[in-house]
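Make a model of the complete structure from these sequences and hints.
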Amino acid sequence: MQLKWRVGLIHCFLIAYSLIAVLPILLVVMNSFKIRKAIFGTPLALPSAETFSLVGYVKVLGNANIGVYFFNSLSVTLISMATVLLFGAMAAWALAEYRFKGSNLLALFLSIGIMVPIRLGSISILHMMVDLNLVNTRLALILVYTAQGLPMAIFILSEFISQIPRDLRDAARCDGVPEIAIFFQVIAPLLRPAIATVAVFTIVPIWNDLWFPLLLAPGNDTQTITLGIQQFIGQYITDWNSVLAALSVAIIPVLVIYLIFSRQLISGLTAGAVK
Amino acid sequence: MSRNNLRRMLLLFFFLGPAVLVYSIFSVYPLIATMSLSTFTSDSSGALHFVGLENYRLLLMDKDWREPFWNAFLNNIWFFIIHMAVQNPIGIAIAGLLSLPHLKFRGTYRTLIFTPTMLSVVIIGFSWNLILSPLWGISEGFLKFFGLGAFFQPWLGLESSALITIGLISVWQFVGIPLMLIYAALLNVPSELVDAARIDGLSHMRIFFSVKLPLIAPTIGLVSILTFVGNFNAFDLVYSIKGALAGPNFSTDLLGTFFYRTFFGNQLQLGSPTMGATIATAMFLIILIGVCIYLYGIQRRLERHSF
Amino acid sequence: MAKLSLHQLSKSYGSAEILKDISLDIKNGEFVVLVGPSGCGKSTLLRLIAGLDPVTSGSISIGDRIVNDLEPAQRKIAMVFQTYALYPHKNVRENMTFGLKYAGLPAEEISRRVDEASRMLQLQDLLTRKPKDLSGGQRQRVAIGRAIVREPDVFLFDEPLSNLDASLRVSTRVELSRLHTLLKATMIYVTHDQIEAMTLADRIVVMNKGRIEQTGTPLELYYQPANLFVAGFIGSPKMNQFSAIVRNAAAVTRFGLSAPVKASEEGNAVTIGIRPEHFVVGGEDEHPLAARVELVERLGEISHLHMSMSSGELMIAEWRGRNAPAIGDRLSLSVEPSNLHLFDAKGVRI
Numbered sequence: 001m002q003l004k005w006r007v008g009l010i011h012c013f014l015i016a017y018s019l020i021a022v023l024p025i026l027l028v029v030m031n032s033f034k035i036r037k038a039i040f041g042t043p044l045a046l047p048s049a050e051t052f053s054l055v056g057y058v059k060v061l062g063n064a065n066i067g068v069y070f071f072n073s074l075s076v077t078l079i080s081m082a083t084v085l086l087f088g089a090m091a092a093w094a095l096a097e098y099r100f101k102g103s104n105l106l107a108l109f110l111s112i113g114i115m116v117p118i119r120l121g122s123i124s125i126l127h128m129m130v131d132l133n134l135v136n137t138r139l140a141l142i143l144v145y146t147a148q149g150l151p152m153a154i155f156i157l158s159e160f161i162s163q164i165p166r167d168l169r170d171a172a173r174c175d176g177v178p179e180i181a182i183f184f185q186v187i188a189p190l191l192r193p194a195i196a197t198v199a200v201f202t203i204v205p206i207w208n209d210l211w212f213p214l215l216l217a218p219g220n221d222t223q224t225i226t227l228g229i230q231q232f233i234g235q236y237i238t239d240w241n242s243v244l245a246a247l248s249v250a251i252i253p254v255l256v257i258y259l260i261f262s263r264q265l266i267s268g269l270t271a272g273a274v275k
Numbered sequence: 001m002s003r004n005n006l007r008r009m010l011l012l013f014f015f016l017g018p019a020v021l022v023y024s025i026f027s028v029y030p031l032i033a034t035m036s037l038s039t040f041t042s043d044s045s046g047a048l049h050f051v052g053l054e055n056y057r058l059l060l061m062d063k064d065w066r067e068p069f070w071n072a073f074l075n076n077i078w079f080f081i082i083h084m085a086v087q088n089p090i091g092i093a094i095a096g097l098l099s100l101p102h103l104k105f106r107g108t109y110r111t112l113i114f115t116p117t118m119l120s121v122v123i124i125g126f127s128w129n130l131i132l133s134p135l136w137g138i139s140e141g142f143l144k145f146f147g148l149g150a151f152f153q154p155w156l157g158l159e160s161s162a163l164i165t166i167g168l169i170s171v172w173q174f175v176g177i178p179l180m181l182i183y184a185a186l187l188n189v190p191s192e193l194v195d196a197a198r199i200d201g202l203s204h205m206r207i208f209f210s211v212k213l214p215l216i217a218p219t220i221g222l223v224s225i226l227t228f229v230g231n232f233n234a235f236d237l238v239y240s241i242k243g244a245l246a247g248p249n250f251s252t253d254l255l256g257t258f259f260y261r262t263f264f265g266n267q268l269q270l271g272s273p274t275m276g277a278t279i280a281t282a283m284f285l286i287i288l289i290g291v292c293i294y295l296y297g298i299q300r301r302l303e304r305h306s307f
Numbered sequence: 001m002a003k004l005s006l007h008q009l010s011k012s013y014g015s016a017e018i019l020k021d022i023s024l025d026i027k028n029g030e031f032v033v034l035v036g037p038s039g040c041g042k043s044t045l046l047r048l049i050a051g052l053d054p055v056t057s058g059s060i061s062i063g064d065r066i067v068n069d070l071e072p073a074q075r076k077i078a079m080v081f082q083t084y085a086l087y088p089h090k091n092v093r094e095n096m097t098f099g100l101k102y103a104g105l106p107a108e109e110i111s112r113r114v115d116e117a118s119r120m121l122q123l124q125d126l127l128t129r130k131p132k133d134l135s136g137g138q139r140q141r142v143a144i145g146r147a148i149v150r151e152p153d154v155f156l157f158d159e160p161l162s163n164l165d166a167s168l169r170v171s172t173r174v175e176l177s178r179l180h181t182l183l184k185a186t187m188i189y190v191t192h193d194q195i196e197a198m199t200l201a202d203r204i205v206v207m208n209k210g211r212i213e214q215t216g217t218p219l220e221l222y223y224q225p226a227n228l229f230v231a232g233f234i235g236s237p238k239m240n241q242f243s244a245i246v247r248n249a250a251a252v253t254r255f256g257l258s259a260p261v262k263a264s265e266e267g268n269a270v271t272i273g274i275r276p277e278h279f280v281v282g283g284e285d286e287h288p289l290a291a292r293v294e295l296v297e298r299l300g301e302i303s304h305l306h307m308s309m310s311s312g313e314l315m316i317a318e319w320r321g322r323n324a325p326a327i328g329d330r331l332s333l334s335v336e337p338s339n340l341h342l343f344d345a346k347g348v349r350i
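Residue numbers (the numbering used here), protein chains in the order written: chain X, 1 to 275; chain E, 1 to 307; chain S, 1 to 350.
Hints in this document: simulated from the structure, not taken from any laboratory.
Remember, predicted model here, so these are calculated numbers, not experimental data.
Just so it is clear, CB atoms sit at the ideal spot from N, CA and C, and this is done for glycine as well.
Just so you know, not all the hints are guaranteed correct.
As the list claims (entries may be wrong) - Simulated pairs of lysine to any residue, SDA-like, Cα-Cα distance not exceeding 20 Å:
1. X:K37 with X:V58
2. X:K37 with E:G271
3. S:K130 with X:P189
Claimed, not checked - Beyond 10 Å from chain X on every Cβ pair, some chain S residues (computed):
4. N91
5. I110
6. R112
7. L121
8. R146
9. K238
Unchecked claim - Have a look at the derived ranges for each label pair, beta carbon to beta carbon:
10. X:S267 with S:V296: 24 to 34 Å
11. E:L60 with X:D131: 30 to 40 Å
12. X:Q235 with E:S42: 31 to 41 Å
13. X:P165 with E:G107: 27 to 37 Å
14. X:L108 with E:N249: 49 to 59 Å
15. X:F71 with S:G104: 38 to 48 Å
16. X:L108 with E:L60: 28 to 38 Å
17. X:F71 with E:L135: 15 to 25 Å
18. S:A16 with E:L60: 53 to 63 Å
19. X:L78 with E:F264: 21 to 31 Å
20. S:T56 with E:M205: 14 to 24 Å
21. S:K346 with X:P165: 40 to 50 Å
22. S:G39 with X:P165: 37 to 47 Å
23. X:F71 with S:Q122: 55 to 65 Å
Structure (structure tokens):
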């Protein structure tokens, strides 16, 4: 039947593209577990008993400070996400709730950051960090990433806040709840669905960023995983085992987390995008 | 009344203060400072002298600066065209397919296709570098499998193809974003409209092009402007594959790498913060003009239909 | 409990005047219903009393204090919202105690109030549930409970029954009435439903376009509406309104109905109002009115007869009994003179 043909064709196309999407990644990860000969000899084959090898990983985990890098990436990303959420929610709430002269202007001011890349001011940011003695600190990254993530977060959170019924805060006011408590005890708990959306838009750019770690925190103690891997690969560029292993070390944790949370992530993305 | 006003002001400071402070200090001020820096030049002792728009004249017209600048600028435009021509149509097409009713494995496809977007550009860059490398031979072998072995070239190493190759890699990675945004917009099209069209006898293709596409036009506009901003800000991919020199022979040089190189310096020249600031400001102005054109020229025309 | 006074209250949003010069005195323990069509300003007025929006001019006093500048919490009021506005992430008990914690009350006192309110509203078994696990009626009771535990001077209700099913509305109405008797509280109640107004109120305030049209007891408004608007608003089906001209101290309609009127209205156009339930079929009137049945709406023992008079004007009459007339029947109608309402050209009662 014609319908079955069409459906089949659609699935063919989607399968083909899905393969295009994941095959390169699979190739890298697969071959990272093989001996050098097998990498070049049978690149498309899975590692077998003879070809299995962890020699690249040994070198990566031995030489590069992978643990430190991960810790840096994790702490910077999570703390930045937390501050972006907190400051962003408070600002979005104030803008939505307390109309005042210039609140529209302020909202516009804050939303400009969505379009304008913060990187363009890097020279001054670097100067500032030097002056503040914050070069090679995680704090420098956190401050910059918070500034970077706030505009989008405020935009997204404003949409979510506008969905909270007005009556709720009126009721809290009549109940005698102080304003600050209204935010933290009534509004904030209801913003939980927003966290997924904000997380998607903030975490991914921060974790994967090369520019600011390169610029502001290239020191050995403060390198993030992205920078660390990049430096390592630069060093060992001819050592394919190590290079593939290093790439996989960067890929696998992200992949695992992504697959676990893929449903929440995607629904967070689509929920935010709809608005 | 005055006590209430004071309370209100304190509340506003409490709620808005942190965000406005961090944003202004670390995002807005640096941009303004950079723009101001671009009007200065520094001498050998490091002191700054005000030169007005001289740096811009240098950038646009001086023979030492204008070649790399226009080269990078044109490369960026190419980069943008590649994305608009390849990334967005593919994204729209896949989104259209994924939004078809009764599609099995929809979630799986979505997850798989979106995977590259989650990964770091650096990782992607290196991975593709390896895959396309003639040393490994995977791509060559792949093409040979389809009988197209003769077509293989070390694309990343050739001046004529390096930029396009990097552009396609970028498309491969970032197709997930327009995909998701348009998918979400398509979900928002009320099913009654589609049902009515089907009762009217339109085929699925027709429905897509005549009903759904016009309704998601604002989202397509948004995707376009995001693509624009993202492309003109691009740096990571070129840097990870080609380094700051963006070879071969600057054929992959983008404004971002040009900026980086100018500011930090490299084997060929000393770093110049003031010229770097000039380039950064030029990038800002280019992006601003693009966004303004979009907001006033295109956005106005696209009605956002509410349901 | 306290009395409430509104003195020349007005409210504008920019150039839009929502409330114009509202003055009202409410006695201690009174149940006052603000009723009117959408947009008449009744909810706005309630919010001004609550302190949720600032007044543009005029004053509000609760008890002996002027409360214009006081926050809602400081006014000793409690409000029940149309959407109940329960905190979704807190359970029933927490919903009721949340505000009290900030009032500085000791824990035993809070507990006592919650237990008493739960008993009154039969919420004892629901205390640990979250709002999403409650039915509409139960949520309504929690919202009322939240108001009761505050032991306010004035209760404010903003269309609390609008979101309930029709049958639930009736039973909850009865509950509210009983609550009022029990608590002897001052209650201000906003609704667009005139039946709720008639059944619950000690006094009704009819509002229209930001002004008070009439204030009075339900029966006062029913039997002596001050103008055409109130006459048409109270009573369902709506009071029939017929245009008439005054000749020789009598207002005469085009189909021959005549009502005595004072001489000063000679020659003027007036309106005669007759409620559907006041038409008598047959009767011993000297000049019965001829009418033809155009449509019959049967509601059981009561039917609404849509009829046309000899002049072609349409009206509705109420019929009681099983054997309602059929379409096309011709009837003779009469009305007791005391059931005739007269309004001048401006719609004011004569």
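Now for the hints, and whether the structure bears them out:
Among the hinted pairs, X:K37 with X:V58 is consistent with the structure: their alpha-carbon atoms are about 17 Å apart, no more than 20 Å. Of the pairs offered as hints, the one joining X:K37 and E:G271 is violated, with about 43 Å between alpha carbons and a cut-off of 20 Å exceeded. Of the pairs offered as hints, the one joining S:K130 and X:P189 holds, with about 14 Å between alpha carbons and a cut-off of 20 Å not exceeded. For S:N91, the requirement that its beta carbon stay farther than 10 Å from each beta carbon of chain X is met, with the minimum near 13 Å.
Listed as outside the interface, S:I110 is consistent with that label: its C-beta sits roughly 13 Å from the nearest C-beta of chain X, beyond the 10 Å cut-off. For S:R112, the non-interface assignment is confirmed: its Cβ lies about 18 Å from the closest Cβ of chain X, beyond the 10 Å cut-off. Distance check on S:L121: its Cβ is at least 17 Å (rounded) from any Cβ of chain X, clearing the 10 Å threshold; non-interface status holds. For S:R146, the requirement that its beta carbon stay farther than 10 Å from each beta carbon of chain X is not met, with the minimum near 7 Å.
Every beta carbon of chain X lies more than 10 Å from that of S:K238, the smallest distance being close to 32 Å; the non-interface claim holds. Distance hint check for X:S267 and S:V296: the Cβ-Cβ separation is about 55 Å, which falls outside the suggested range of 24 to 34 Å. Against the hinted window of 30 to 40 Å, the Cβ-Cβ separation of E:L60 and X:D131 comes to about 32 Å, which satisfies the hint. For X:Q235 and E:S42, the Cβ-Cβ distance of about 33 Å falls inside the hinted range of 31 to 41 Å, so the restraint holds.
At about 32 Å, the beta-carbon gap between X:P165 and E:G107 stays in the expected band of 27 to 37 Å. Take X:L108 and E:N249: their Cβ atoms lie about 43 Å apart, and the range 49 to 59 Å is violated. A beta carbon spacing of about 46 Å between X:F71 and S:G104 agrees with the range 38 to 48 Å that was offered as a hint. In this structure the hint that X:L108 and E:L60 lie 28 to 38 Å apart at CB holds, the actual value being about 31 Å.
In this structure the hint that X:F71 and E:L135 lie 15 to 25 Å apart at CB is violated, the actual value being about 34 Å. The hinted window of 53 to 63 Å between S:A16 and E:L60 holds, with their beta carbons roughly 54 Å apart. Against the hinted window of 21 to 31 Å, the Cβ-Cβ separation of X:L78 and E:F264 comes to about 30 Å, which satisfies the hint. Taken as a hint, the range 14 to 24 Å is violated for the pair S:T56 and E:M205, whose Cβ atoms sit roughly 59 Å apart.
Between S:K346 and X:P165 the beta carbons are some 42 Å apart, a value that agrees with the proposed interval 40 to 50 Å. In this structure, S:G39 and X:P165 break the distance hint of 37 to 47 Å, their C-beta atoms being roughly 21 Å apart. The given range of 55 to 65 Å is respected by X:F71 and S:Q122, whose C-beta atoms sit roughly 56 Å from each other.
Violated hints for the displayed structure, listed by number in ascending order: 2, 8, 10, 14, 17, 20 and 22.
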